[in-house]
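**Q** Okay, here's what each chain looks like letter by letter:
Protein chains: 2
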Amino acid sequence: MALIVQKFGGTSVGSPEKIKAVAQRVLGYCREGHRMVVVLSAMSGETDRLVALAHEIQKIPNRREMDMLLATGEQVTVSLFAMAVKEAGYDAVSLLGDQVAIHTDASHTKARIRSIDTRLIKEHLDKGRVVTIAGFQGVTDDGDITTLGRGGSDTTAVALAAALSADACEIFTDVEGIFTTDPNICTKARKIDTITYDEMLELASLGAKVLDIRSVGLAKRFRVPLHVRSTFTENEGTWVVEEEKKMESMLVSGITYNKNEARITVNHVPDQPGVAAKIFIPISDAGIIVDMIIQNTRSGDMTDMTFTVMRSDYERAMEILRKVAADIGARSVTGDQDIVKVSIVGVGMRNHSGIASTMFQVLSNEGINIMMISTSEIKVSCIIAEKYTELAVRALHDAFALDKKDLPLPQEEKF
Amino acid sequence: MALIVQKFGGTSVGSPEKIKAVAQRVLGYCREGHRMVVVLSAMSGETDRLVALAHEIQKIPNRREMDMLLATGEQVTVSLFAMAVKEAGYDAVSLLGDQVAIHTDASHTKARIRSIDTRLIKEHLDKGRVVTIAGFQGVTDDGDITTLGRGGSDTTAVALAAALSADACEIFTDVEGIFTTDPNICTKARKIDTITYDEMLELASLGAKVLDIRSVGLAKRFRVPLHVRSTFTENEGTWVVEEEKKMESMLVSGITYNKNEARITVNHVPDQPGVAAKIFIPISDAGIIVDMIIQNTRSGDMTDMTFTVMRSDYERAMEILRKVAADIGARSVTGDQDIVKVSIVGVGMRNHSGIASTMFQVLSNEGINIMMISTSEIKVSCIIAEKYTELAVRALHDAFALDKKDLPLPQEEKF
Numbered sequence: 001m002a003l004i005v006q007k008f009g010g011t012s013v014g015s016p017e018k019i020k021a022v023a024q025r026v027l028g029y030c031r032e033g034h035r036m037v038v039v040l041s042a043m044s045g046e047t048d049r050l051v052a053l054a055h056e057i058q059k060i061p062n063r064r065e066m067d068m069l070l071a072t073g074e075q076v077t078v079s080l081f082a083m084a085v086k087e088a089g090y091d092a093v094s095l096l097g098d099q100v101a102i103h104t105d106a107s108h109t110k111a112r113i114r115s116i117d118t119r120l121i122k123e124h125l126d127k128g129r130v131v132t133i134a135g136f137q138g139v140t141d142d143g144d145i146t147t148l149g150r151g152g153s154d155t156t157a158v159a160l161a162a163a164l165s166a167d168a169c170e171i172f173t174d175v176e177g178i179f180t181t182d183p184n185i186c187t188k189a190r191k192i193d194t195i196t197y198d199e200m201l202e203l204a205s206l207g208a209k210v211l212d213i214r215s216v217g218l219a220k221r222f223r224v225p226l227h228v229r230s231t232f233t234e235n236e237g238t239w240v241v242e243e244e245k246k247m248e249s250m251l252v253s254g255i256t257y258n259k260n261e262a263r264i265t266v267n268h269v270p271d272q273p274g275v276a277a278k279i280f281i282p283i284s285d286a287g288i289i290v291d292m293i294i295q296n297t298r299s300g301d302m303t304d305m306t307f308t309v310m311r312s313d314y315e316r317a318m319e320i321l322r323k324v325a326a327d328i329g330a331r332s333v334t335g336d337q338d339i340v341k342v343s344i345v346g347v348g349m350r351n352h353s354g355i356a357s358t359m360f361q362v363l364s365n366e367g368i369n370i371m372m373i374s375t376s377e378i379k380v381s382c383i384i385a386e387k388y389t390e391l392a393v394r395a396l397h398d399a400f401a402l403d404k405k406d407l408p409l410p411q412e413e414k415f
Numbered sequence: 001m002a003l004i005v006q007k008f009g010g011t012s013v014g015s016p017e018k019i020k021a022v023a024q025r026v027l028g029y030c031r032e033g034h035r036m037v038v039v040l041s042a043m044s045g046e047t048d049r050l051v052a053l054a055h056e057i058q059k060i061p062n063r064r065e066m067d068m069l070l071a072t073g074e075q076v077t078v079s080l081f082a083m084a085v086k087e088a089g090y091d092a093v094s095l096l097g098d099q100v101a102i103h104t105d106a107s108h109t110k111a112r113i114r115s116i117d118t119r120l121i122k123e124h125l126d127k128g129r130v131v132t133i134a135g136f137q138g139v140t141d142d143g144d145i146t147t148l149g150r151g152g153s154d155t156t157a158v159a160l161a162a163a164l165s166a167d168a169c170e171i172f173t174d175v176e177g178i179f180t181t182d183p184n185i186c187t188k189a190r191k192i193d194t195i196t197y198d199e200m201l202e203l204a205s206l207g208a209k210v211l212d213i214r215s216v217g218l219a220k221r222f223r224v225p226l227h228v229r230s231t232f233t234e235n236e237g238t239w240v241v242e243e244e245k246k247m248e249s250m251l252v253s254g255i256t257y258n259k260n261e262a263r264i265t266v267n268h269v270p271d272q273p274g275v276a277a278k279i280f281i282p283i284s285d286a287g288i289i290v291d292m293i294i295q296n297t298r299s300g301d302m303t304d305m306t307f308t309v310m311r312s313d314y315e316r317a318m319e320i321l322r323k324v325a326a327d328i329g330a331r332s333v334t335g336d337q338d339i340v341k342v343s344i345v346g347v348g349m350r351n352h353s354g355i356a357s358t359m360f361q362v363l364s365n366e367g368i369n370i371m372m373i374s375t376s377e378i379k380v381s382c383i384i385a386e387k388y389t390e391l392a393v394r395a396l397h398d399a400f401a402l403d404k405k406d407l408p409l410p411q412e413e414k415f
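Chains A and B, in that order, give the protein sequences. If you use this note's numbering, the first sequence corresponds to residues 1 to 415, in order. If you use this note's numbering, the second sequence corresponds to residues 1 to 415, in order.
No wet-lab data here; the hints were simulated from the structure. Some hints could be false.
Identical chains blur together in the list; that is why a pair holds if it fits in one copy or across any two.
The calculated lysine-lysine pairs, modelled on DSBU-like cross-linking and capped at a C-alpha distance of 35 Å, are [said to hold, decoys possible]:
1) K127 to K323
2) K127 to K110
3) K59 to K127
4) K188 to K122
5) K110 to K122
6) K245 to K387
7) K59 to K122
8) K110 to K18
9) K18 to K122
10) K245 to K323
11) K18 to K191
12) K278 to K127
All figures in this text were calculated on a predicted structure; none of them were measured in a lab.
Sequences and hints are given; from them, build the entire structure.
**A** In structure tokens form, the structure reads like this:
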């Protein structure tokens with residue numbers, strides 16, 4: 001008998017029929033003797049509808065009131081879900097964020113969970129009830145309703161699983177799990193059975209459509225076994241677990257790409273102490289997030305500073321940097337929006353050499369020029385021209401044999 | 001500078017545009033220096049939509065979960081309203097029933113208010129904020145959300161006005177006020193300027209479309225001056241006040257009719273002690289409410305027992321009574337659904353004789369047979385054939401000159 005936290009997203013509870021189907025699925029676990037906590041999102045489309053209403057009223061909606069408004073979406077689904085469980089002859093009770101209580105800070109529309117009171121949940125579980133909890137919402141010390149931002153229901157589920165020391169947290173969604181790469185551009189993409197928290201964090205863009213990435217960090221911190229799976233099949237999905245529990249032995253677990261970045265180069269910067277700060281402080285002051293940074297030494301006492309920002313911040317960043325360049329005596333600022341960041345991710349590469357060079361060779365074989373490289377312990381990222389995205393992803397997927405499961409690791413060890 | 005509680009119904013807040021218009025109206029009072037508490041219903045149609053969703057899920061929806069579901073309707077309008085006030089440059093804050101807190105018993109879907117904590121409201125008012133409060137909802141001692149039943153927002157408004165010792169409670173609706181009778185069947189019907197709580201209670205069916213009748217009892221108990229008026233005009237509506245504050249002096253204040261009753265007669269009942277109990281206990285055990293009861297003495301030791309029930313309970317009552325009649329040795333049970341109860345109401349009649357007989361004479365002049373009569377201190381009701389409804393109402397309206405305002409009372413006093 002296990003304690004399981006399950007989270008169902010908006011598409012899974014988008015209609016009364018679907019809510020009834022979810023209730024039946026949860027009751028299957030109850031019949032097996034499990035204690036069930038069910039976290040729900042708002043019905044698909046509902047949050048957007050409410051946001052649109054708010055914008056009809058106030059140009060920049062007040063954030064406290066926005067949270068008050070948006071929290072109704074999950075309140076509707078949990079009450080309907082509790083009814084569905086009761087209609088099926090089992091006992092259930094719905095609880096809101098403030099009833100649980102899920103304590104958060106007061107950062108309305110993007111609050112962070114501080115603590116969760118599990119007393120009431122445990123009381124209801126002890127009485128044999130399915131406890132359904134509104135995702136996405138919490139309460140401040142002053143009793144104001146907060147929301148955790150888009151994808152916040154995943155965070156609610158993982159945080160509850162952590163607080164309750166649940167045996168697993170299952171995230172039900174409309175896909176089968178996490179794939180080795182985007183199936184839309186690589187038909188050989190394969191569903192991953194197990195993956196580590198760290199790999200999942202690095203594969204953010206692959207998982208972003210499926211799983212809120214903040215919840216992965218939380219799951220890692222509290223060692224909550226996460227299971228990402230489909231609402232619409234009985235198949236196992238992808239387990240996100242600690243490294244020692246990972247069953248698959250792969251050098252590379254997944255290949256991800258990100259088309260939302262743009263590259264900026266400040267050319268011929270005097271190579272002096274403090275020059276990097278002069279470039280990046282105005283950028284961060286403007287709230288612009290910088291991803292990769294590379295400094296190339298040029299001839300003499302000059303250097304080039306190249307980095308990437310979100311495409312949506314590109315124009316703003318260029319404007320700021322033109323002023324900065326004049327101040328610091330750089331020659332020019334150039335940029336390029338037609339780039340893509342392709343990354344290979346895998347804990348296996350931590351102990352094996354040659355992974356990065358294989359990647360470079362594969363891209364080179366396809367005639368793809370690498371503009372920037374950045375590496376971390378379990379990831380290698382290359383910036384290339386955007387037009388090569390599909391070609392690069394497919395070639396890398398083949399080269400690392402990601403379509404094959406449990407490929408034995410090569411014997412050579414790093415060092 | 002007054003403290004005013006205003007309540008706007010679902011049609012008044014049925015769209016973002018309407019919510020903005022209500023905000024502008026409320027801000028007019030703010031500019032005059034008044035402290036404003038605004039109680040809102042759900043957008044028109046929203047409660048019905050939610051009820052329908054619940055019925056798609058559970059045949060007889062669980063009442064705790066129903067309250068959880070329905071409470072979202074008002075949560076949406078108060079948050080949008082607070083945004084509208086802020087957009088207009090004033091400060092506002094929305095509060096839910098459990099945040100205030102409005103403490104109720106645990107009778108879900110028809111809870112009764114036990115007490116209201118005014119601390120938080122006063123704090124916000126002191127900070128110069130418009131405080132908007134979700135109508136219709138409260139919270140139990142266990143922290144569960146309750147609702148007060150249909151029309152419950154009126155009760156919320158009056159209870160808040162009482163708890164805050166507000167100077168007035170204004171109920172905004174889609175009609176101009178309370179009329180001397182139904183304007184749909186009597187074109188001479190006139191808007192009443194002032195009426196007493198007791199008259200309003202007796203005129204329930206006239207006011208039912210405008211004002212939840214429970215809230216009138218509450219207003220009476222706490223002497224809250226109630227103002228029923230239109231959202232769509234600036235005109236004064238009808239003030240519901242204590243008797244000494246009533247400005248109009250009328251023998252009869254209004255004429256009301258009720259087509260929802262049916263008449264049942266148990267014929268030839270042995271005239272013995274306990275026989276009435278034998279008839280009415282099974283009826284009340286079945287949850288059927290009996291309105292008028294008349295016992296006619298027949299010849300000898302037999303009597304007829306006649307009474308009215310709601311038409312929706314008629315068939316069920318007849319079925320029960322056929323069994324009862326056999327038990328107590330009554331001859332037969334007969335009934336009639338084509339009846340109407342026409343009533344004249346007025347505190348003036350308390351001190352004046354001849355009101356009831358005038359009513360009987362007026363009906364007789366029109367050739368209308370009276371089937372049953374019942375009187376209270378400020379009301380006379382007659383059961384007549386339903387087909388005479390309009391004729392009776394118009395004739396009585398003329399006879400008591402209700403189209404004329406401030407008719408001097410006749411000089412003769414009762415006793």
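**Q** The structure should be examined with respect to each hint, and the outcome stated for every one.
**A** Taking the hints in turn, this is what the structure says about them:
1. With identical chains, the CA atoms of K127 and K323 are never at most 35 Å apart, being 66 Å at best within one copy and 44 Å at best between copies.
2. Within a single copy, K127 and K110 get their C-alpha atoms as close as 34 Å, and across copies as close as 26 Å, so both meet the 35 Å cut-off.
3. Proximity of K59 and K127 under a CA criterion of 35 Å is satisfied inter-copy only: 24 Å between copies versus 47 Å inside one chain copy.
4. In this assembly of identical chains, the alpha carbons of K188 and K122 never lie at most 35 Å apart, being 45 Å within a copy and 64 Å across copies at closest.
5. For the identical chains of this complex, K110 and K122 are neighbours both inside a copy (27 Å) and across copies (29 Å), given an alpha-carbon limit of 35 Å.
6. For the homomeric pair K245 and K387, neither the shortest alpha-carbon distance inside one copy (38 Å) nor that between copies (82 Å) is at most 35 Å.
7. Taking CA atoms no more than 35 Å apart as the test, K59 paired with K122 passes between copies only; the shortest distance there is 29 Å, against 42 Å inside one copy.
8. In this assembly of identical chains, K110 and K18 lie within 35 Å of each other by CA distance both inside one copy and across copies; the values are 28 Å within and 29 Å between.
9. Taking CA atoms no more than 35 Å apart as the test, K18 paired with K122 passes inside one copy only; the shortest distance there is 27 Å, against 44 Å between copies.
10. Neither within a single protomer nor between protomers do K245 and K323 lie at most 35 Å apart by alpha-carbon distance, with minima of 52 Å and 73 Å respectively.
11. Taking CA atoms no more than 35 Å apart as the test, K18 paired with K191 passes inside one copy only; the shortest distance there is 25 Å, against 51 Å between copies.
12. Within a single copy, K278 and K127 get their C-alpha atoms no closer than 62 Å, and across copies no closer than 43 Å, so neither meets the 35 Å cut-off.
Of the numbered hints stated above, those contradicted by the structure are hints 1, 4, 6, 10 and 12, listed in ascending order.
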